[in-house]
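Chains X and B, in that order, are what the protein sequence lines are. Under this note's numbering, think of the first position of the first sequence as 10, with each following residue one higher. Under this note's numbering, think of the first position of the second sequence as 1041, with each following residue one higher.
Source of the hints: derived by calculation from the structure; they are not laboratory data. In this text, a Cβ means the ideal position worked out from N, Cα and C, and glycines have one as well.
Each pair of labels, with its calculated beta carbon distance range: (1) V71/X / C1051/B: 19 to 29 Å; (2) A285/X / V1099/B: 48 to 58 Å; (3) P478/X / V1101/B: 58 to 68 Å; (4) T1091/B / R346/X: 45 to 55 Å.
Okay, the calculated bits of chain B under chain X, using three or more residues with CB under 8 Å as the criterion: (5) 1041-1049; (6) 1062-1076; (7) 1098-1105.
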Amino acid sequence: MAGKADWFANGLPREGKRTASPQIGDLIRRDVPICHLGDRVVEVLQRVQTTGWGQCVVVNDVGVVLGLLRGEALHAAPDALVELAMEAGPTTIRPDRSPRDIRAYMRQHGVASVVVTTPTGQLMGIVERQDIERCLAPAVQPHQGRYRAQRGTPSVEIGYKLSCEEHSPSALVCYAKQAEEAGFTFAMLSDHYHPWIDEQGQSPFVWSVIGSIAQATARLRIGTGVTCPLIRMHPAIVAQAAATAAALLPGRFMLGVGTGENLNEHILGDYWPPGATRRAMLEEAVALIRCLWQGGLRSHHGHYYTIENAQLYTLPELLPPVLIAASGTRSAHMAGRLGDGLITVGVHAKLVDRFIAAGGAGKPRYTELSVCWTPDEAEARRLAQARWPIAGMPGALLSDLSLPSHFAQAASTITEEAIAQAVICGPDPTRHIAAITQAAEAGYTHVWVHQIGPDQAGFFQFYAREVLPKLHK
Amino acid sequence: MPTEIRRDEVCQMMAGGAALVEVLPAEEYEAEHLPGAINIPLQQLDRQATTVLQPDQPVIVYCYDSQ
Chain X
10 MAGKADWFAN
20 GLPREGKRTA
30 SPQIGDLIRR
40 DVPICHLGDR
50 VVEVLQRVQT
60 TGWGQCVVVN
70 DVGVVLGLLR
80 GEALHAAPDA
90 LVELAMEAGP
100 TTIRPDRSPR
110 DIRAYMRQHG
120 VASVVVTTPT
130 GQLMGIVERQ
140 DIERCLAPAV
150 QPHQGRYRAQ
160 RGTPSVEIGY
170 KLSCEEHSPS
180 ALVCYAKQAE
190 EAGFTFAMLS
200 DHYHPWIDEQ
210 GQSPFVWSVI
220 GSIAQATARL
230 RIGTGVTCPL
240 IRMHPAIVAQ
250 AAATAAALLP
260 GRFMLGVGTG
270 ENLNEHILGD
280 YWPPGATRRA
290 MLEEAVALIR
300 CLWQGGLRSH
310 HGHYYTIENA
320 QLYTLPELLP
330 PVLIAASGTR
340 SAHMAGRLGD
350 GLITVGVHAK
360 LVDRFIAAGG
370 AGKPRYTELS
380 VCWTPDEAEA
390 RRLAQARWPI
400 AGMPGALLSD
410 LSLPSHFAQA
420 ASTITEEAIA
430 QAVICGPDPT
440 RHIAAITQAA
450 EAGYTHVWVH
460 QIGPDQAGFF
470 QFYAREVLPK
480 LHK
Chain B
1041 MPTEIRRDEV
1051 CQMMAGGAAL
1061 VEVLPAEEYE
1071 AEHLPGAINI
1081 PLQQLDRQAT
1091 TVLQPDQPVI
1101 VYCYDSQ
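Looking at chain X on its own, in the form it has when it is part of the complex (with noise of 0.2 Å):
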């Protein structure tokens, strides 16, 4: 078969305008690791669990696909040669399939993974349902809710903050509800044990909140903005909660993670660990929940968490996306690379740049913008620095002090000018919008809105009235 067919069938590059739909070759995952007849079992494992993947493929000396060592078989015989414990003859596509086609099968089969080779059987990688599922997900409502705040700026999607530390699980229900009504297309939840400082007040669990807004929302988009699978939340239930909340908000679920402060993850007397193990610790969650949003029967021994047969039996029809939390580079670069879309607080082109050179380019960008409207600048300021202080506070402090009362300590050390400068103050929607044009313009698409205080009421008013109709759809 040469020709056409046979160049396409090999998932060489193509042009024309059924490029525009994707084809099994576009969603290969390439790094899946390999073996060979005579290596060991124990040999395999090791190099599984190293590279995060639940499954290696085995092939011959010119690469075509033999078997494949998964599951139970990479545990059962340590000292079994490969052949003896593989499954022979797996089955394979090409990479000119159509995804929905390919879909179809392995719903039809309860395939999580299917093996991807050439025609004439060597491996190419291996296509995941979860990016197919993701590929093929509608767009929700794309250019609906979308804004630009003067001609030739980017355009940005403009969401809600629901501060799980300063409002009651009923209140935030009902402002997920009044944000919907506004104009706001999502709105993302914060998730922690305890809240800032005492004078914030609250801190309700995340996922029965979420649960609650499913069912008082038809259109708004949720996220957790952002949970921490590491410490506190075992990666495993995060995933069972996160496909919960997938399958309770069809299409608008996203999951938001990040590495956490030791304010919330010291609560079990864990040790709290350091920046580089955390984000090692993050990549290593974050494999392990989209293992198990795979389906079916899944052990993982990894060198942070282990699992041992562990099924989610309740997995939604279009797995969540899973948005990674960077405030710094090291952060960003994982986000990129790990990522379905990037989160930070406040504008920064840096993380955004670096986000998109390591693999983040058209992925979603979304940041915190944090205001304090009331109809006095001056109150708006007093407010700000009572209720959020930790605007104005180095990333350090943020991360690694473990109570409210040591946060109110560093607090008595920020001014209110500090807090101003983090902080869109006061009732002028130029501010507003001209904050929310800066972040599109640093490379976010998306951007979502913090209101510091009690009067959320009067905030959606004034973003409904002021700030929403004058940015441009």
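Once you've looked at the hints, dock chain B against the given chain X.
Same frame as chain X, but now just chain B:
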């Protein structure tokens, strides 16, 4: 004299300045073709149509498959 070549040779010859011609109908070409290919449908392949090719330039011609 026509010679059959394989995929990797296509890339090498293209890098050396060869022309790449798809001889399938225009709608098939428009839907999907190899990068850098031009379209001269087989039914229109005459002296006039090939004036876009240089006489001293190697030409790679392909269709759907070898059948």
